[in-house]
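Taking the hints into account, I'd like the entire structure generated from these sequences.
Protein chains in written order, with the working numbering: chain A, 8 to 289; chain B, 185 to 439.
The hints are simulated quantities; they were obtained by calculation from the structure and are not laboratory data. Some clues are possibly wrong.
[To be verified] Short derived list, chain B residues pointing at chain A, Cβ under 10 Å:
#1 Asp-258
#2 Leu-260
#3 Ser-300
#4 Glu-301
#5 Leu-304
#6 Met-305
#7 Asp-309
#8 Gln-310
#9 Leu-311
#10 Met-314
#11 Ala-318
#12 Val-421
#13 Val-425
From the three backbone atoms N, C-alpha and C, an ideal C-beta is built for every residue, glycine too.
Listed here are the chains, written in short residue letters.
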Amino acid sequence: MPISQATPASLNSATTARVQLIDVGYDIQGRTIFDGLNVTMERGKITAVMGPSGTGKTTLLRMIAGQIKPTRGRVLVDGIDIGTLDVDGLFALRRGMGMLFQNGALLTDLDVYENVAFPLREHTNLPESLIARIVLMKLHAVGLRGAARLMPAELSGGMARRVALARAIVMDPLLLIYDEPFAGLDPIGLGVVLRLIRDTNDSLALTSVVVSHDVDEIGLLADTAYILADGRVAASGKPADLRKDDAPIVRQFMGGIADGPVAFHYPAPNYDAQLLAQDVPI
Amino acid sequence: MSVASDLLTNAREMCGKAGRHTFFTLRLLRFTPAAFKRFGLIWAQIYNTGALSLVIIMLSGLFVGMVLGLQGYDLLRRFGSTESLGVAVGLALIKELGPVVTALLFAGRAGTALTSEIGLMQATDQLAAMEMMAVDPVRRICAPRFIGGIIALPLLAAIFSMIGIYGAQLVGVALMGVDAGQFWSQMRAAMSTNDVVQGIVKSIVFGFACSSIAVYEGYHALPTAEGVGRATTRTVVNSSVAILILDYMLTAVLL
Chain A
8 MPISQATPAS LNSATTARVQ LIDVGYDIQG RTIFDGLNVT MERGKITAVM
58 GPSGTGKTTL LRMIAGQIKP TRGRVLVDGI DIGTLDVDGL FALRRGMGML
108 FQNGALLTDL DVYENVAFPL REHTNLPESL IARIVLMKLH AVGLRGAARL
158 MPAELSGGMA RRVALARAIV MDPLLLIYDE PFAGLDPIGL GVVLRLIRDT
208 NDSLALTSVV VSHDVDEIGL LADTAYILAD GRVAASGKPA DLRKDDAPIV
258 RQFMGGIADG PVAFHYPAPN YDAQLLAQDV PI
Chain B
185 MSVASDLLTN AREMCGKAGR HTFFTLRLLR FTPAAFKRFG LIWAQIYNTG
235 ALSLVIIMLS GLFVGMVLGL QGYDLLRRFG STESLGVAVG LALIKELGPV
285 VTALLFAGRA GTALTSEIGL MQATDQLAAM EMMAVDPVRR ICAPRFIGGI
335 IALPLLAAIF SMIGIYGAQL VGVALMGVDA GQFWSQMRAA MSTNDVVQGI
385 VKSIVFGFAC SSIAVYEGYH ALPTAEGVGR ATTRTVVNSS VAILILDYML
435 TAVLL
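The structure is reproduced here in structure tokens:
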């Protein structure tokens with residue numbers, strides 16, 4: 008794939024789907040993570056990817072970002088099969104993406120201002136005065152203009168995620184990926200992040216992909232949600248509709264039921280036999 | 185049979201690691217010219233690996249020099265040639281102990297710092313975040329640290345040798361009564377440019393080896409607390425062994 012075809016401008020093309028995973032399979036260390044996964048993420052919408060722990064939600068995000076390649080099938084970002092891109096092509100494509108990591112992943116040796124300015128300094132030759140204005144605008148959008156000179160170690164979890172969001176949007180991406188954005192936040196921080204994701208998506212006309220297992224928050228936020236289980240899509244649709252789905256795995260997940268298709272107990276030998284054995288095998 | 189197969193497996197793993205290390209070092213070298221265009225990043229690493237190692241280097245240099253002064257004086261006294269103490273100490277420090285001891289200390293102080301810093305960046309997704317921002321971490325993070333180490337080590341070795349010579353002079357001249365004029369004049373007369381070049385070449389090669397090992401181990405550390413700890417240990421062990429092997433090879437070639 009020529010690099011020119013993978014420029015950020017290509018993310019503007021007119022197809023409805025921004026991201027498509029077509030019959031994707033992924034195996035690692037003899038374990039199948041995905042087996043015939045089909046997902047479509049519409050442009051301008053917030054798509055949530057949910058599912059029990061270990062079902063490959065973060066793997067899916069990394070696949071969309073081109074950090075890992077599928078064993079089978081195709082991952083299309085605006086029609087471009089990212090499996091065919093070389094490193095330069097991938098980096099060109101990523102300039103049109105932003106990703107918010109679960110812990111923020113701020114660069115710990117740089118302060119808040121420099122963290123947000125980082126992509127601008129790496130990819131542009133903008134004068135310092137313009138960089139300062141862009142950074143302050145983005146920090147203002149997440150409510151942290153006054154924290155510009157704080158170091159990452161001085162931020163709370165919620166603040167770190169807001170700074171990471173400012174950094175993710177500083178290059179004005181068209182696709183924004185969130186990995187567990189609500190994990191470990193207090194109710195106020197959670198409300199702030201929820202509002203920011205919605206506002207950012209709508210005001211910048213982005214396509215957002217949110218990986219989470221917070222059912223209530225996704226119900227408030229997402230336009231479409233997918234539930235992954237056993238390497239496939241177990242259910243998809245509007246979050247409200249998923250609550251009515253009859254599939255056992257969906258009912259267990261949406262209802263937060265401890266035992267079901269996802270067993271409470273990790274596979275183990277017979278309990279009685281193990282306890283009553285002379286030399287207790289572990 | 186199983187011993188043979190274990191040996192074969194280990195040999196294969198070692199070859200694989202050597203190949204990966206070589207490939208990684210070539211990547212670092214590929215980014216070196218571009219890294220010099222942003223010298224500020226390299227300068228910061230010279231400060232981190234060099235300036236912040238100064239105290240330990242100077243202190244060690246002083247005491248190594250003082251021990252050399254004592255041992256050298258004792259040895260030369262037996263042959264009645266204590267006036268040659270300056271030559272003996274100067275040659276030992278500039279050609280051998282300066283580069284080698286500095287490199288060993290560098291691996292323990294700066295190399296471990298580099299490995300743990302990069303390893304923790306890996307463990308906290310900072311390098312992954314950079315990749316997502318379309319920034320190659322090898323270019324932005326590893327290359328400046330690699331070059332900074334190569335520049336810092338010869339400077340540290342020079343300071344180590346200088347302080348060491350003064351330490352030896354302190355013991356030999358001030359304490360043991362060797363004539364100061366003979367101490368300095370014989371050193372100047374006996375040492376050639378070639379001796380100094382040998383020391384410089386060794387310290388550059390050691391800087392290359394220590395920095396590439398530290399950066400490689402940090403970049404490839406498992407993203408866990410244990411993984412970073414093990415990578416840091418590997419940096420010290422591999423660097424120390426590499427320094428001693430390279431020292432013999434360089435000495436054999438340069439003598």
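Verification of the supplied hints:
1. Asp-258: This hint is violated: Asp-258 of chain B lies away from chain A, its Cβ roughly 49 Å from the closest one there, beyond 10 Å.
2. Leu-260: violated (50 Å)
3. Ser-300: Where the cut-off is 10 Å and the nearest Cβ of chain A is about 12 Å from Ser-300 of chain B, the hint is violated.
4. Glu-301: Holds. Min distance 8 Å.
5. Leu-304: The hint holds - Leu-304 of chain B has a Cβ within 10 Å of chain A, the shortest such distance being about 8 Å.
6. Met-305: holds (8 Å)
7. Asp-309: holds (4 Å)
8. Gln-310: holds (5 Å)
9. Leu-311: holds (9 Å)
10. Met-314: With a minimum Cβ separation of about 8 Å from chain A (threshold 10 Å), the hint on Met-314 of chain B holds.
11. Ala-318: Check passed: Cβ of Ala-318 of chain B comes within 4 Å of chain A, closer than 10 Å.
12. Val-421: violated (27 Å)
13. Val-425: violated (30 Å)
Consistency note: the structure conflicts with the earlier hints numbered 1, 2, 3, 12, 13.
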